[in-house]
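Number of protein chains: 2
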Amino acid sequence: MPRSRKGRGAQLTEFAAIELLAKQLAQRGPGVHLGIGDDAALLERVAGKLVLSVDPSVEHTHFKRQWLTLEQLGAKSLQCAASDLAAMGARAVAALSALVLPKGVTEKELRAMGRGQAKAARSIGCVVVGGNIASGRDLSLTITVIGSAERPVGRKGAKTGDQLWLFGDVGLAGAGLRLLQRGKLRPRSPALLRCLEAWRAPKALVREGLLLPGRATAAIDVSDGLAADAGHIARASARRLVIQERLLARLLRDELRKAAEVLGVNPLDLALRGGEDYALLATGPAERKPRGARVIGRVEQGGGVVLEGAGRRAVELTGGFDHLAEA
Amino acid sequence: MPRSRKGRGAQLTEFAAIELLAKQLAQRGPGVHLGIGDDAALLERVAGKLVLSVDPSVEHTHFKRQWLTLEQLGAKSLQCAASDLAAMGARAVAALSALVLPKGVTEKELRAMGRGQAKAARSIGCVVVGGNIASGRDLSLTITVIGSAERPVGRKGAKTGDQLWLFGDVGLAGAGLRLLQRGKLRPRSPALLRCLEAWRAPKALVREGLLLPGRATAAIDVSDGLAADAGHIARASARRLVIQERLLARLLRDELRKAAEVLGVNPLDLALRGGEDYALLATGPAERKPRGARVIGRVEQGGGVVLEGAGRRAVELTGGFDHLAEA
Chain X
3 MPRSRKGRGA
13 QLTEFAAIEL
23 LAKQLAQRGP
33 GVHLGIGDDA
43 ALLERVAGKL
53 VLSVDPSVEH
63 THFKRQWLTL
73 EQLGAKSLQC
83 AASDLAAMGA
93 RAVAALSALV
103 LPKGVTEKEL
113 RAMGRGQAKA
123 ARSIGCVVVG
133 GNIASGRDLS
143 LTITVIGSAE
153 RPVGRKGAKT
163 GDQLWLFGDV
173 GLAGAGLRLL
183 QRGKLRPRSP
193 ALLRCLEAWR
203 APKALVREGL
213 LLPGRATAAI
223 DVSDGLAADA
233 GHIARASARR
243 LVIQERLLAR
253 LLRDELRKAA
263 EVLGVNPLDL
273 ALRGGEDYAL
283 LATGPAERKP
293 RGARVIGRVE
303 QGGGVVLEGA
313 GRRAVELTGG
323 FDHLAEA
Chain Y
3 MPRSRKGRGA
13 QLTEFAAIEL
23 LAKQLAQRGP
33 GVHLGIGDDA
43 ALLERVAGKL
53 VLSVDPSVEH
63 THFKRQWLTL
73 EQLGAKSLQC
83 AASDLAAMGA
93 RAVAALSALV
103 LPKGVTEKEL
113 RAMGRGQAKA
123 ARSIGCVVVG
133 GNIASGRDLS
143 LTITVIGSAE
153 RPVGRKGAKT
163 GDQLWLFGDV
173 GLAGAGLRLL
183 QRGKLRPRSP
193 ALLRCLEAWR
203 APKALVREGL
213 LLPGRATAAI
223 DVSDGLAADA
233 GHIARASARR
243 LVIQERLLAR
253 LLRDELRKAA
263 EVLGVNPLDL
273 ALRGGEDYAL
283 LATGPAERKP
293 RGARVIGRVE
303 QGGGVVLEGA
313 GRRAVELTGG
323 FDHLAEA
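Respectively, the protein sequence lines represent chains X and Y.
Going left to right, the first sequence walks through residues 3 to 329 as my numbering numbers them.
Going left to right, the second sequence walks through residues 3 to 329 as my numbering numbers them.
These aren't lab readings, by the way, just hints derived from the structure by calculation.
All the pointers check out, no bait thrown in.
Since copy identity is lost for identical chains, a pair holds within one copy or between any two.
Straight-line C-alpha distance at most 30 Å; calculated DSS-like pairs for lysine-lysine:
#, residue 1, residue 2
1, 25, 161
2, 105, 66
3, 158, 121
4, 205, 186
Can you build the whole structure from these sequences, using the hints too?
Here it is as structure tokens:
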């Protein structure tokens with residue numbers, strides 16, 4: 003049960019806000035017994051193992067209000083959380099949404115966030131079954147996702163000789179974030195707009211993730227940046243991940259190159275350091291490569307992540323991006 | 003996966019913080035496959051229906067840092083969330099902890115919160131299987147709890163002729179909160195200390211909740227106050243809940259009467275309006291009353307909640323506490 007704190011509340015009362023969201027979100031899906039409006043949500047027995055993750059989006063830390071619409075924010079909060087399920091090869095079943103609303107949030111604004119969450123849930127194939135609303139200084143949306151997987155894929159398991167697979171783009175959202183940080187909220191260039199869109203409206207690669215069980219030996223979603231997230235697989239698997247510059251470079255989109263030029267940075271840097279594209283990175287044997295996976299390197303004995311350059315020595319990427327920045 | 007935002011971080015790096023908590027919390031329990039440290043947590047098939055709830059504790063809204071220790075805060079955040087499971091007659095299985103840490107939170111402080119959560123999880127019989135850490139202006143702890151129930155009890159279902167049952171105390175935590183709000187952080191009186199303790203260290207009545215299935219027709223945890231929470235049952239069940247002043251009054255503790263005297267308020271007001279004791283309120287037929295349940299009223303045809311006074315007309319409680327305050 004929400005513990006209300008009156009007096010600090012928004013124009014909306016807490017109960018009115020809950021009712022409003024309940025109407026938008028509580029699509030009684032298959033297996034959902036009690037949606038929003040009771041002490042807890044009820045789900046029928048979930049097939050396979052339960053996969054659980056929680057992801058917060060906090061104002062000033064993860065976003066500024068002027069960087070995206072509230073509908074986009076609602077959708078993004080859910081997509082980011084669902085990306086963790088995608089990385090485990092899990093199917094999304096349900097989500098819980100815990101909102102912290104600052105004073106002055108209006109019904110219209112809350113409705114926009116709810117609409118974004120409902121749309122994202124539909125596109126992911128899950129149902130928002132519950133949540134909570136509290137007041138606080140900074141707007142935040144903390145999403146818990148519940149999924150199921152018969153054969154979940156973790157970060158541990160990469161084998162020597164495996165290929166390194168990438169699904170989706172890297173760098174675009176990172177470029178978009180840097181543009182927003184520099185105040186470029188409404189650029190005219192379609193290339194820059196594409197980067198902003200990548201940051202504002204990411205999509206969890208849930209369908210691609212479902213290709214992983216039985217094929218991938220390890221997987222992760224690229225939320226912190228390709229190099230950092232590759233480092234998590236390397237560490238959990240006690241292997242070295244080699245990213246081949248040549249292979250990665252040819253996957254980079256023209257829009258990324260254009261944004262990198264505007265930002266005065268190397269596009270490869272953005273691809274390696276930029277997070278929040280919610281691409282999927284996985285390892286596995288060549289003969290099991292799923293359709294749509296693009297090879298960007300390999301797994302070797304050893305530890306850490308290296309970038310194997312064209313004609314020059316490999317650059318160590320793990321342990322910080324600073325090495326790369328100095329290269 | 004956590005999206006780190008460096009530069010705004012605490013003294014602790016995000017990854018160091020996750021590792022620290024992983025060691026404290028990831029007690030690999032029965033059925034827990036992958037605890038903290040992967041994209042998502044994995045749980046074995048859960049028996050019965052899945053029961054899910056999320057509960058945030060936000061600084062300045064739900065607590066001030068000086069009102070309780072960080073170990074108490076960690077424990078309280080988990081107990082509050084688990085109380086929703088208790089109210090559904092569910093067994094707690096697992097929890098996820100999403101923390102927002104302001105700049106300057108130290109390793110020692112984080113460790114204290116983790117210790118509190120771990121102790122609370124043990125006492126409730128569940129495992130903290132995952133979570134997230136982000137930085138932000140205000141400290142917050144958002145706990146998702148996952149439980150199981152063969153025959154969950156909701157808010158809807160109270161029948162005319164049912165008794166109204168209470169487990170646990172009401173009013174003490176509300177008195178404690180009011181004392182803290184007035185700056186009484188270290189009173190000498192054992193009675194006042196007992197009230198502070200009720201607010202600082204509530205216990206989810208999970209064991210009592212497990213007595214409800216097959217006996218109670220409806221249930222709720224008393225987080226917002228007895229009158230308000232009774233209102234939720236009344237509304238969901240389309241019945242009138244009658245609280246008998248005489249029955250409730252004789253359950254009030256001496257400590258509550260003493261605190262009410264210091265605060266200059268009516269102890270009955272505190273019992274009806276004070277939240278956060280995490281008592282359980284349930285309805286059910288007299289012949290099925292569980293051991294430990296105390297009768298405080300009955301269910302009638304109609305709507306709303308009334309207080310039936312000794313020798314005077316019933317006071318309407320729902321729709322606001324103001325009626326009572328004016329009485």
